[in-house]
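Given only the sequences and the hints, what does the whole structure look like? Please build it.
Just so you know, the protein sequences line up as chains A and B, in that order. When the letters of the first sequence are read in order and numbered with the UniProt record's numbering, they come out as residues 1 to 443. When the letters of the second sequence are read in order and numbered with the UniProt record's numbering, they come out as residues 1 to 443.
Some clues are possibly wrong.
Computed spacing ranges between beta-carbons, pair by pair [stated by the list, open to error]:
(1) 105/A with 201/B: 56 to 62 Å
(2) 105/A with 350/B: 39 to 45 Å
(3) 154/A with 341/B: 24 to 30 Å
In case anyone wonders, no lab produced these hints; they're calculated from the structure. Since the model is a prediction, treat every value here as computed from it, not as a measurement. Even glycine gets a Cβ: it sits at the ideal position worked out from N, Cα and C.
2 protein chains.
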Amino acid sequence: MAAPPGLWRLGLSRLAAALGLLLSAGAVPVMAQSPAPTLPPPDSVHLDRLGYMSTFPPEGAQRVDQSNAYKYPQLRWVVQHLRELQPTRNIRRGSAPASALPADPKPLGALQFEDAKGQKISLEAWAQSTYTDALLVLHRGRVVYERYDNQMQPSSPHLLFSVTKSFTGLMAAQLAHEGRLDPQALVTRYVPELAGSAWGDMKVREVMDMTGAVRFRENYTDPSSEIFGYAWASGLLPRPAGYQGAGNVYDFLKTLPKDGEHGQAFTYRTVHSEVLGWIVSRVTGQHWADLMSQQLWQKMGMEEDAYVMVDSVGTPLQGAGLNATARDLARVGEMLRLGGRFNGQKIFDAAVIEDTARGGDRERFKAGGLQAARPGYSYRNQWWVLHNADGAYEAAGVHGQFIHINPAAQMVVIKLSSHPVAGAAFTHATTLKAWAALAQALR
Amino acid sequence: MAAPPGLWRLGLSRLAAALGLLLSAGAVPVMAQSPAPTLPPPDSVHLDRLGYMSTFPPEGAQRVDQSNAYKYPQLRWVVQHLRELQPTRNIRRGSAPASALPADPKPLGALQFEDAKGQKISLEAWAQSTYTDALLVLHRGRVVYERYDNQMQPSSPHLLFSVTKSFTGLMAAQLAHEGRLDPQALVTRYVPELAGSAWGDMKVREVMDMTGAVRFRENYTDPSSEIFGYAWASGLLPRPAGYQGAGNVYDFLKTLPKDGEHGQAFTYRTVHSEVLGWIVSRVTGQHWADLMSQQLWQKMGMEEDAYVMVDSVGTPLQGAGLNATARDLARVGEMLRLGGRFNGQKIFDAAVIEDTARGGDRERFKAGGLQAARPGYSYRNQWWVLHNADGAYEAAGVHGQFIHINPAAQMVVIKLSSHPVAGAAFTHATTLKAWAALAQALR
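Shown next, in the form of structure tokens:
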């Protein structure tokens, strides 16, 4: 794929920064070997201090627009305001009252634990040092800790990046459970348009668990990397002058070739989630946002509407584009902990949650090279499974987004962040310590 | 203003169609002299039949995107889906229960009246023939008639075009009433950046009532017309290659020169509303969307969040970009009918509503040349005042958007439409007959 003329105008360093937002766990091994980056003091990049978009009009450095939206610290503003920069589709909560989310506050901010280097740190200091916008802990369905910072409000939708994938994965797993989608079928049974691509001889299960082999390079210094094509096709980045590439995400997916053998190794690729979402819409005949509204947001009594970024022809970014509040994500976590029921309704069948929490193939996960940041994990139905004694599993997105469920401790943790580093390599070892400390404190 | 290079690529006919959406009442006199256009049968342009954006992906003619969003009949889809094409900012309803909107249905669909040509027509047939998406009639605060069509739902926000202005006008009038904004002051007291423009020696009152003289041509066959600059600056139209013009609405406003003497004639110009909104944000220090949320949507117990389109630096389109549901607009109309109180709260002071409903200078209105479509009207605080025996006044937007308040008949009518013709010249005489028939039936 040749670089379109005009690419260089955009500047590769800017593109590299811009695409950091899409940085998947796939980039983690490289980063794990790099020295820890120098990070700005969190206070220095607080939105109160930065003053972005707070005057009429915002002037100079206070302006966040398409030219700098994915730079840092501008990204701190973007993750709470994506719809002000991009076309989006609503995920309506409906008109019913919000479901109960009872509070039983505990002084968990003072909870001490050892970080990955063995140094004592409080939960509050950890939240602060990892640029946390919202942190919410549920124990037995009660909110025992709820913390907002950086202008985030209980009503603010936050960009969830790859947490989005986990919703797409559950939808597909539910359809499989109902017999409406066959995981052993070829992708092309549902999306014949993909016949000439990597997905032409791939099974649906290999998409669900990301063991399909597709060429999708995320080399941010090489404009022929497929990640650039994704960003241009989806509208995440303005297209360079003279752009002749795919006009939308679906057309882009058709261009991606096979790269190796399917089913051998877990290889984390956002494009698998886009294909999975396409399959879900073909099977149901419904838009992803409408499924999210009908099957989750309306039934669960969410507090706020959510939304998803869409491309130029309305395709939702099913791998990275969901925005929702911490409190509504807490309801999602609790629904999963309860085996798929919430607010008096069945959201997913218990067997779907069990299949997800049981995890995927750990050997194939090892072969994917992500052991360093996520030791012992597997990936199933687009969820990260810890395979620890508590049976924990989680949805995760770059820059520090999490829905973490610990069945044994009857605990759900939501963490929404705007960390300067996209990948989890520098932070995840301590994240695991925080999960463990919380679980132990609540037992 | 020279046409930027590359303009011709876009094609003038497309631009002309595109900008029809912005067509203000200013174009009405010309149209009133034109023969009535040939209109497509409403059934032939029903969204169920057109099938826009209903498959994954939408193919060929079913696709609505930036290239055809303001063509017809694509516009029928756009007015219910603007946020899927443009950046927008939320107007949050808050977490309180929706306020009461009791129903007392009456068979008004069968109501017969004489149209402008003296032919008998039923309310239902009138709604159908004017491409009505939602029609809602309140009498003494009760919903006596509620009709949706063309895929519109009670929960669907609809693009309101220039109805938006009337919200901006009421905000400004309230600030004036509170002494926080001086209508006799120069605009530059609040927005010094406009010193070099038409607004440099204009008073705030002349902005509120649109009697300021600003050069803003809406000649759709002349790309040097200022309407093109507005569309490119705001993001309503994609910018031509090599575009060097204003990057946002505020920068565009600064470029508009004076054209005549202020205070002489009513001259309907969307850019006055953008300036008025700028003043409101300068006085309050708040974003228009946040004011709308805090002062109206949260206090009034609206059913759904509303939203407003924003430009590349977050500027709301304060003259044309609001989207809300028919039921929430009915609450607005009822609040005004009740003198500014609703849901147990003061929304506007009664004196503000009285000042608005009393109307503006009818001689200056006549001088503006809009008598043909709106005989006897005046314009005050960005509301159209009918000066009829019932004391009626209304907010109005192109393609058939209305909040109509008839105090004597204790009636509010909301009409949201996707009429092929932007201006009111062909339709307004019959619209007035419909208002009168409804008022008489309900008395």
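Structure-based check of all given hints:
no.: 1; hint: 105/A with 201/B: 56 to 62 Å; verdict: holds (59 Å)
no.: 2; hint: 105/A with 350/B: 39 to 45 Å; verdict: holds (44 Å)
no.: 3; hint: 154/A with 341/B: 24 to 30 Å; verdict: holds (29 Å)
Checked against the numbered hints above, the structure breaks none of them.
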